[in-house]
Every structure is written in structure tokens, then in C-alpha cells.
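Chains as they are written, first to last, in the working numbering: chain A, 1 to 79; chain B, 1 to 79; chain C, 1 to 127; chain D, 1 to 127.
It is worth saying that the hints were derived from the structure and are not from the lab. Take these hints with a grain of salt, some might be off.
The calculated label-pair distances, taken between Cβ atoms and stated as ranges, are [claimed, not checked]:
(1) C:Leu6 / D:Leu125: 50 to 56 Å
(2) B:Ala41 / C:Leu6: 31 to 37 Å
(3) C:Glu37 / A:Ser16: 43 to 49 Å
(4) D:Glu4 / C:Glu37: 27 to 33 Å
(5) B:Ser65 / D:Asn38: 56 to 62 Å
(6) A:Arg53 / C:Gly22: 38 to 44 Å
(7) C:His98 / D:Pro84: 15 to 21 Å
(8) A:Thr67 / C:His98: 42 to 48 Å
Computed from the model, here is a short list of chain A residues facing chain D with C-beta under 7 Å [said to hold, decoys possible]:
(9) Cys15
(10) Asp55
(11) Pro59
(12) Ala60
(13) Ala62
(14) Leu63
(15) Gly79
Listed next, the in silico SDA-like pairs over lysine to any residue satisfying Cα-Cα at most 25 Å (straight line) [stated by the list, open to error]:
(16) D:Lys121 / A:Gly79
(17) C:Lys114 / B:Arg10
(18) D:Lys114 / D:Pro21
(19) C:Lys68 / C:Arg97
(20) D:Lys114 / A:Thr47
(21) D:Lys68 / A:Thr47
(22) D:Lys121 / D:Pro16
(23) C:Lys121 / D:His2
(24) C:Lys121 / D:Arg97
(25) D:Lys114 / A:Thr23
(26) D:Lys121 / A:Pro75
Ideal Cβ positions, reconstructed from N, Cα and C, are used throughout, including at glycine.
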Amino acid sequence: MRLIYFAHARRATGCSLEELPLTAPLTPAALWDLLIERHPALASLRTVSRLARGDDFLPADALLSPTDEIAIIPPVSGG
Amino acid sequence: MRLIYFAHARRATGCSLEELPLTAPLTPAALWDLLIERHPALASLRTVSRLARGDDFLPADALLSPTDEIAIIPPVSGG
Amino acid sequence: MHIEILINNVVITPSPRLSDPGVGALAEFTGSVRREENGQPIAALVYEAYQPMAETVMRRLLTELAAKHPCLAVRVQHRIGIVPVGEAAIHIAVQARHRAEAFALLAAFMDRLKQDVPIWKTDTLPA
Amino acid sequence: MHIEILINNVVITPSPRLSDPGVGALAEFTGSVRREENGQPIAALVYEAYQPMAETVMRRLLTELAAKHPCLAVRVQHRIGIVPVGEAAIHIAVQARHRAEAFALLAAFMDRLKQDVPIWKTDTLPA
């Protein structure tokens, strides 16, 4: 799975892009568990951030495939 | 008293400015009575129009002096 | 609040956006003459103002509204005389620190303008 | 409704007012960088967008809002990268037959933009 980190999420992880080797589909909650294990600084962003695939925000019951490209979207502040 | 007619009021009277010889102060209601007597076409504008003196709309209990300049302000439609 | 009011027969064109570093929000409204009025095709509208009362009333309204919606500057241009279809009859620009006040003052002013400011559409010129 | 969206690092300048004879109302909002952020003087803000998702989400929001507030055209420009104090970060122009729809769509879009469009202020450059 390819992960894309923006804004505060990039600052928390220190990277923009990351490849995560996965073998099975997983839920957003399971992905967050994995990500926070790798990057503890992401913990504070979990409840306020959303995940997106392509141009869509993902609902909590989405199923993420190992080949997905998933963006971590911290609270937005445009305008 | 000098009267200034705008928009529909000018169309109703056929004039922009008119001098009305008066000898005593009068109320807005009394002025309207006089004006409608001279220009019957003003009758339909009476309830929807306002009178102004200087830069101020006049309340119903104002007292108008023979030397005043009074504008007849039909419903506005700017913007 | 800085207030600038222009009521004249000059064509309204885009003005440069100001760069006062205290301004975070600029809300603008441009009202143009549409190609039809009451369902009939037209070529132009004719506007008339009672000067200087129109300007005084606008200034009074803006000062009153600014007490509730504090803004930094307002500029109102109202064109009078013949205004052809597609051209602007009015342009209002409100500058404020933040957008909420700017939008609130602009919307409230437009409502009051259409009730209390002695300016009229007096004629339509047919297409 | 015609929709035009630009998200890039180009300076936002006033655009000519359009003269579509069906348009009676143009509502615009320009959001600029103020000289302070959280009480501290700054020289610039840095904006970042998730492209093309930001554009897709804006287009989706505008289409959804237009069902409730029918307008003729919307143009959104959002600058990204370094935006110096006094310069515009965003400009939105909404054209409609009448002003009520234009204001309603503009205000609703700004609210949703600040919730759902993946654009961020990522940094402040100190003064």
C-alpha cells in the first residue's frame, strides 16, 4: 500500500510518501493501528484526520486493499 | 414650499420641481391632500411614498414650513 | 470604517484589489443589467438618484451597520443614467479582517439599499 | 452551471467583470493573508493542496450546492506555495441571475471549503 502524508501528518511522520508491504485487505482502524505503531506522533491526528482513496474520503467501514494508494488528510485549513 | 418629484411621482405630476404658495405650516397628511388635489395621478403613490426634507425622511408627525424644500420619494429601486 | 461612495454616470470597471495587510476578507457584489425586465427584452435601464440625499443615506446606513458588523472599509459605486445590458449598475466592495463581517455587512446593506436609498430605475429602453 | 477551478502558485489579480447578459449578480470573495497569525507578525503563509483531489472535491461541492442555489457560473482560484502578506490566497466569483442565489452559494461553498477541501496552511514565515 502506498501512503501519502499531508501537512501535519507529513510533519508527524517526516515523510510524504511511504510504501507499506501488506498481504491482506484491512479496515481504516487497522491501518491507523499500523501507522501509529510505525509513527507514534500520528496518534494525536487519528481522531481528527480522514483517509482518502483517489478523490474520495473513506467511510469507517471501507475495506482497503494492499494495492491502494491512501492519503492521510489532517484537518484542512484552506481559504 | 418647493416640491421635488422623482421617478413615478415626476411621471404622475409631469414636473420635477414645483413652487407651492403656502402661508402656514402643515402636516405631511395635509400636504398630500393638497398635492393630490393638484395632481390626481399622485393618489396611487400616497401610501407607498415618503416625504424627505434635506437628507431625512419625514415622520408622519413632522411639521412642514412654507419655506421647506420637500422631496416626494416613491418606492426606491436602486441596485 | 473608511467609506467611499460614488454615484455618477461613469462605467464601472474592476478595481485593483487592495493590499492593506490588516484586511483578510474582501466581499464584493456587482449588480448588472440583465437582457430582460419583467419578461421583456431590453437594451438598457435608466437610473436616477436624488443627490446628495442618496449618498447621505448610504453613509448613514453603512455607519449603522458597521456598529454590528465591524469592517475596515466600504466602497459603493452606483451608476446612474443609461446603463446598457451586460454593464454594471452597482458595485460594492467591503473589506474586513474576516469574512463573516464582510458578508454580513454587504448583505444587510444591499437589503437596506433597496428599501431606503433614493435611487430609482425609471425607464427601460426596449431591445 | 459552468465551473472553473484553478489551484496553482500564480498571483491572483482582478479579473474583468463578465458581461453575459443573463447575469444580474456577481458575488465575489477574496481572502488575503493578514499581517498576523495567532497574534504573531508574519511575512507570508505557505499553502499546500492535495491535487487533484482538492479540485474534484470543490467541483463536487459546487455541483451539490448549485442544486439548492441555482447559479450560472463559478470560478475558484486558490493560490498555493508561499503567499506574502497583503496578497490573495483565494478568490471566488459566483455569477447568477439574482443576488440571493449568488450570495447563498458563495457563503455555503466557503463553509464547506474549510471543512472538506484538502488544502492546508502548512507554515507561517515570520516577519
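Each hint tested on the structure:
Taken as a hint, the range 50 to 56 Å is violated for the pair C:Leu6 and D:Leu125, whose Cβ atoms sit roughly 38 Å apart. One distance hint, 31 to 37 Å for the beta-carbon pair B:Ala41 and C:Leu6, holds here, with the actual separation near 34 Å. Here the CB-CB span from C:Glu37 to A:Ser16 is close to 56 Å, at odds with the stated 43 to 49 Å. Checked against the given bound of 27 to 33 Å, the beta carbons of D:Glu4 and C:Glu37, roughly 29 Å apart, stay inside it.
Look at B:Ser65 against D:Asn38: about 59 Å separates their beta carbons, and that is inside 56 to 62 Å. Distance hint check for A:Arg53 and C:Gly22: the Cβ-Cβ separation is about 42 Å, which falls inside the suggested range of 38 to 44 Å. With their beta carbons about 19 Å apart, C:His98 and D:Pro84 fall inside the hinted range of 15 to 21 Å. For the pair A:Thr67 and C:His98, the beta carbons lie near 44 Å from each other, so the given range of 42 to 48 Å is met.
With 7 Å as the threshold, the beta carbon of A:Cys15 stays out of range of chain D, its nearest partner Cβ sitting at about 15 Å, so the hint is violated. The interface hint given for A:Asp55 holds, since its Cβ lies 4 Å from the closest Cβ of chain D, which is under the 7 Å cut-off. A hinted interface residue such as A:Pro59 counts as satisfied when its beta carbon comes closer than 7 Å to some beta carbon of chain D; here the least separation is about 14 Å, so the hint is violated. A distance limit of 7 Å between C-beta atoms decides the matter here; for A:Ala60 the minimum to chain D is near 17 Å, and the interface restraint is violated.
Look at A:Ala62: its Cβ only gets to about 16 Å from chain D, farther than 7 Å, so that hint breaks. For A:Leu63, the shortest C-beta to C-beta distance to chain D is roughly 20 Å, which exceeds 7 Å, and the interface hint is violated. Checking A:Gly79 against chain D by beta carbon gives a least distance of about 5 Å; that is within 7 Å, so the hint holds. A threshold of 25 Å between alpha carbons decides the hint, and for D:Lys121 with A:Gly79 the separation of about 9 Å falls inside it, so the pair holds.
Restraint check: the Cα-Cα separation between C:Lys114 and B:Arg10 comes to about 20 Å, which is no more than 25 Å; the hinted pair holds. For the suggested pair D:Lys114 and D:Pro21, the alpha carbons sit about 32 Å apart, so the restraint of at most 25 Å is broken. Taking the CA atoms of C:Lys68 and C:Arg97, the gap is near 14 Å; set against the 25 Å cutoff, the hint holds. Distance hint between D:Lys114 and A:Thr47 is fulfilled; the C-alpha atoms sit about 18 Å from each other, no more than 25 Å.
Restraint check for D:Lys68 and A:Thr47: not satisfied, since their Cα atoms lie roughly 31 Å apart, outside the 25 Å limit. A hinted pair counts as satisfied when its Cα atoms are at most 25 Å apart, and D:Lys121 with D:Pro16 does not qualify at roughly 28 Å. Of the pairs offered as hints, the one joining C:Lys121 and D:His2 is violated, with about 30 Å between alpha carbons and a cut-off of 25 Å exceeded. Distance restraint check for C:Lys121 and D:Arg97: the Cα-Cα separation of roughly 18 Å lies within the 25 Å cut-off, and the hinted pair is therefore satisfied.
Proximity of D:Lys114 to A:Thr23 is assessed by CA-CA distance (about 36 Å); at most 25 Å being required, the pair is judged violated. Among the hinted pairs, D:Lys121 with A:Pro75 is consistent with the structure: their alpha-carbon atoms are about 10 Å apart, no more than 25 Å.
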